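Student: Residue numbers (the numbering used here), protein chains in the order written: chain R, 1 to 168; chain G, 1 to 168.
For the record, the hints were derived by calculation from the structure and aren't laboratory data.
Identical copies look the same in the list; a pair holds intra-copy or inter-copy alike.
In the BS3-like style, the derived pairs of lysine-lysine whose C-alpha atoms are separated by at most 30 angstroms in a straight line are:
| # | residue 1 | residue 2 |
| --- | --- | --- |
| 1 | 76 | 112 |
| 2 | 102 | 62 |
| 3 | 59 | 132 |
| 4 | 76 | 132 |
| 5 | 102 | 59 |
| 6 | 100 | 76 |
| 7 | 100 | 50 |
| 8 | 132 | 102 |
| 9 | 135 | 102 |
| 10 | 128 | 62 |
These numbers come from a predicted model, not from an experiment.
Protein chains: 2
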Amino acid sequence: ASSSATNPSVRVVLQQCMGAQLMVQPATEGSEPQFVEIRRGVIVYICFLKGATKTLAEKMAKLALTVRLSESDDGKLVSVIDLPGDVLIIPQATLGGTVKGKVMQYHKNIAKDEGLQLYSEFVSVFRKTIEKNEKCATAGCVVRHGTYGNRQVFSCQTNGPYTHLIEL
Amino acid sequence: ASSSATNPSVRVVLQQCMGAQLMVQPATEGSEPQFVEIRRGVIVYICFLKGATKTLAEKMAKLALTVRLSESDDGKLVSVIDLPGDVLIIPQATLGGTVKGKVMQYHKNIAKDEGLQLYSEFVSVFRKTIEKNEKCATAGCVVRHGTYGNRQVFSCQTNGPYTHLIEL
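So here's chain R without its partners, still in its complex pose (with noise of 0.2 angstroms):
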């Protein structure tokens, strides 16, 4: 794992947060707008781009899910299941993005169909681990996600995000 692979397949932004609301159903008429939330934990910012497999999708998840980048009470650097933590995964595929000019270009990025397959398959690992994980079901973290495709209408509290970069 490198934080800038000469061709990478899956990027992902990382941010610490005490707090954060992803819009996940724009206001139609007569409805309102649906959010989902999520407490203390990480915000997954996540893009793939040609070359991307299940197999890496399911090895950034699983990194996402245990670098030690979380602030934990006693001020220790620990994971977001030892937090433990929530997780909002945000799909971006801005983040495939190359500078040409002044535009950015996305001729780097997955195919929309392969793309929206690999992030279900992203959000599951999340969801799994999340789930059958004992201190995080007794503490009752969550995973949330962004609807793939769509506006990631958002909003967040940090005590200090901590951005980090993940490429595979």
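Keeping the supplied structure of chain R fixed, place chain G upon it in accordance with the hints.
Tutor: Chain G only, in chain R's frame:
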């Protein structure tokens, strides 16, 4: 400019926001914490790695100011200058991390004194550009920034963060 330079020395993550707040001075005995805030505009997370130079810092600042990633009222993508919008610059050394097992290592980050110097120059380009731009001045646009080396206690509200990575 590439978003996956083989050995990048300047890395930014850009997010669009409708508003953002950053603590620049923690509370001390007898004084409240101090915050800066911006309205609609762009959040610029900046990290300098080994090999970063003043030239590259200035180039990245100009790129962040001119790349068309801000959504105007009529739905077009324009630069933050043309929006016109505010800028919040957040030093984020953690962006230089590389995964090693379950921890992040920061061997590639620039030395702190050099980073501070480049950070000052980086911020300066934003200030000068926004201040001398008539459209920005008329709209009362501001450049705000975090304190280098501090914890970046932060919150934001977005209409879609539209997260981008740019490396030089």
